[in-house]
Amino acid sequence: MIAPASGIGDMNPVIELDGVTRVYGTGTAAVSALQGIDLRIDHGDFVAVMGPSGSGKSTCMNILGCLDTPSSGTYRFKGVEVGKLSRDQRALLRRHYLGFVFQGFNLLNRTSALENVELPLIYRGTPATERREMARKALAAVGLNGWETHTPAELSGGQQQRVAIARAIVASPEVLFADEPTGNLDSARSREIMELMTVFNRDLGITIVMVTHDAVMAAYARRIVRFMDGIIDKEEKNGGAE
Amino acid sequence: MFLETIFIAMREIRRNVMRSSLTILGIVIGVAAVITMVTVGDGATRQVASEISSLGSNMLDVRPGQSFRGPGGTRSGAPMFKIADAEAIERDIGGLAGVAPITGKSVQAIYGNENWSTNITGSTNSFLQVRNWALSGGRQFTDGELRSGAAVCIIGATIRKQLFGEQDPVGRTIRLEKISCQVIGELKSKGQSGFGTDQDDFVLMPLRTVQRRIVGKNDIFSISVSAKDGISTERVKEDIERLLRERRHLGKKEDDDFNVRDMQEIVKTLTGTTRLLTGLLGAVAAVSLLVGGIGIMNIMLVSVTERTREIGIRLAIGAMEKQVLMQFLIEAVVLSCFGGIIGIILGIAAAAAGASALKVPLILNIGIIIIAFVFSAAVGVVFGFFPARKAALLDPIEALRHE
Ligand SMILES: Nc1ncnc2c1ncn2[C@@H]1O[C@H](COP(=O)(O)OP(=O)(O)OP(=O)(O)O)[C@@H](O)[C@H]1O
Ligand SMILES: [Mg+2]
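From first to last, the protein sequence lines are chains L and Y.
In terms of the working numbering, the first sequence is residues 380 to 621.
In terms of the working numbering, the second sequence is residues 6 to 408.
Simulated from the structure, these hints should not be mistaken for lab results.
Predicted model, so just to flag it, every value in this text is computed and none were measured.
We put the CB at the ideal spot given by N, CA and C, even for glycine.
Some hints could be false.
Said to hold, decoys possible - Coverage of chain L stretches by chain Y, computed from C-beta distances (three or more under 8 Å per stretch; other residues unrestricted):
id : region
1  : 485-499
2  : 502-514
3  : 603-611
Claimed, not checked - Simulated pairs of lysine-lysine, PhoX-like, Cα-Cα distance not exceeding 25 Å:
id : chain 1 : residue 1 : chain 2 : residue 2
4  : Y       : K110      : Y       : K233
5  : Y       : K242      : Y       : K258
6  : L       : K463      : Y       : K222
7  : Y       : K183      : Y       : K242
8  : L       : K463      : Y       : K395
9  : Y       : K273      : Y       : K195
Next comes chain L alone, as it looks inside the complex (with noise of 0.2 Å):
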């Protein structure tokens, strides 16, 4: 259904978006939030998405994430049109390949840490003993070692959000979306994540794009993306974390 991974150096981009438009409702409440977004991002590239609220950074991620899909135009992920994919291959498509750290953590209540963290792995299958190994390990590398078995209301908001982050990343995904991974915690500890994710793009390859409102975080990124009013109205290159 889906290619397999092409590796690094490929020069084929993981993400394609041609005039991508999204429209929310109908009739006179309709709203445009996208409208008309061309954008390619390679494989390996950390991308920050900037741009005042309401200008259609959610609504493009969660195209992105294929959770959602575009009202016109195309996306490719892989060179595979996920506007013609079903439900289903979607949610194949998320479960194998997509890591996603939302705007609110959204994690199960009631649930340890560790549970939340497992979950992408039960619906790929691993083994029990794997797996808990696997969040285990994802968990000490937001640095919440020794918190796997609280439960969301027993954590503060910033370990909520590394407990998102965990999750999301420890299925090691090709790609990982990220809605202000940073916006519930203090710069200390915004930049320990900005770190994290540094790591994760450099030593594991994974695909990073991130949504923040602060040019500090993104600075960390390669390349940054500026949304207004549902168009894309910059992109420039960026040093480097380095």
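Please build the complex by placing chain Y with the ligands on the supplied structure of chain L, with the hints as guidance.
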């Protein structure tokens, strides 16, 4: 993958203890209530029917006085029967198995230091046959004893226990009023009647003995008649009524000054009443089943927002629609069946306790158990599963956004 889904479903049930136990509780109450009430009601019906048939179900009871319109009523005005009336019935009416003229009085029975107040019934051996009594020891009256009015008696199980304890009473002599009386037999116990009286608390003596030496009158109180098997008791009743009207010289316009009670009719009325009662209990139980169902529904609907978000998360993470549906279906089925089984166990236990408290037999109605189980399980599954199905059909983003 199926095993994984079962695993997830079980984990969600355990995690949401409150929600799960409230769901189960609704089902438990509904199922248990229905089973308890219907079972106890059925037992009571059976009990009443079997007690009346132990009296002799093809028996008719003939008494002076108008039909039972109020206690005692007009009985005092009506002339009593004489032995000749019983003899006339026996002679003129066909299809009878036995006719027993009956008289009686309440007295003190004394044996040694033991003293017990009881009733004497004066009748013939027909009494035993008409009323379905069997002897557990000794013998019936002889024709000689009946004719001469001998001081002999057959005693019920209660008196035997009160006066003799574990001793064999046959051949011993007890005092009844002023006379000494030899015990020649004892009756098998019938136990309590459905009306709460002790059927075993009486002494049977020859009719003539009681008339002459205890009551001092030749009247008889009533005549018990039993029809042969296969003979219509209704027909016998009509025949007796015609005969007695004739014998008592009642004109066409006059009402009967006696009444003939057909036990068959009483059986029908009483079992009809208890059956109605069972129906009412069943209706009450059905209401509690319904209330339980609404409780389940309520809990499922209240948790739908949270569950919709959960579904959104699972879908976003890569669960397929059918996996989510399967998980919710398993959760609903497991909870419902678990609740149903607890309900059945509890219901049977409560029914057993109720049956033994009310001294009625425990008769389990499998049909009702299955209906109660299927209904509440269906409520659990429908209301557990359908909101989930609605959520699983949403886009993950919409499900996550659900208020
Ligand atoms: N489900 C929806 N239904 C209707 N309108 C929506 C929906 N989601 C978003 N919108 C509208 O689309 C526009 C873009 O929203 P979006 O959430 O993408 O903004 P954003 O750039 O992520 O903002 P923020 O920085 O505040 O998160 C907004 O005008 C918003 O009101
Ligand atoms: Mg947003």
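Do three or more residues from the region 485-499 of chain L put their C-beta atoms closer than 8 Å to C-beta atoms of chain Y? holds (count 9)
Check whether the Cα positions of Y/K273 and Y/K195 lie no farther apart than 25 Å. Distance ~21 Å between Y/K273 and Y/K195 Cα, so the pair holds.
Quick one, are Y/K183 and Y/K242 close enough, alpha carbons at most 25 Å? violated (39 Å)
Count the residues of the region 502-514 of chain L whose CB lies closer than 8 Å to any CB of chain Y, then report whether that count reaches three. Satisfied; 3 residues make the cut.
Quick one, are Y/K110 and Y/K233 close enough, alpha carbons at most 25 Å? violated (30 Å)
If you draw a straight line from the CA of L/K463 to the CA of Y/K395, is it 25 Å or shorter? Cα-Cα ~23 Å, so holds.
L/K463 paired with Y/K222 [C-alpha distance capped at 25 Å]: violated (109 Å)
Taken at face value, is the distance from the CA of Y/K258 to the CA of Y/K242 at most 25 Å? It holds: about 20 Å lies between the C-alpha atoms, which stays within 25 Å.
Please verify the coverage claim for the region 603-611 of chain L: does it have three or more residues whose C-beta sits within 8 Å of some C-beta in chain Y? Since three or more residues must qualify, the claim that chain Y covers the region 603-611 of chain L is violated, with 0 doing so at under 8 Å.
Of the numbered hints stated above, those contradicted by the structure are hints 3, 4, 6, 7, listed in ascending order.
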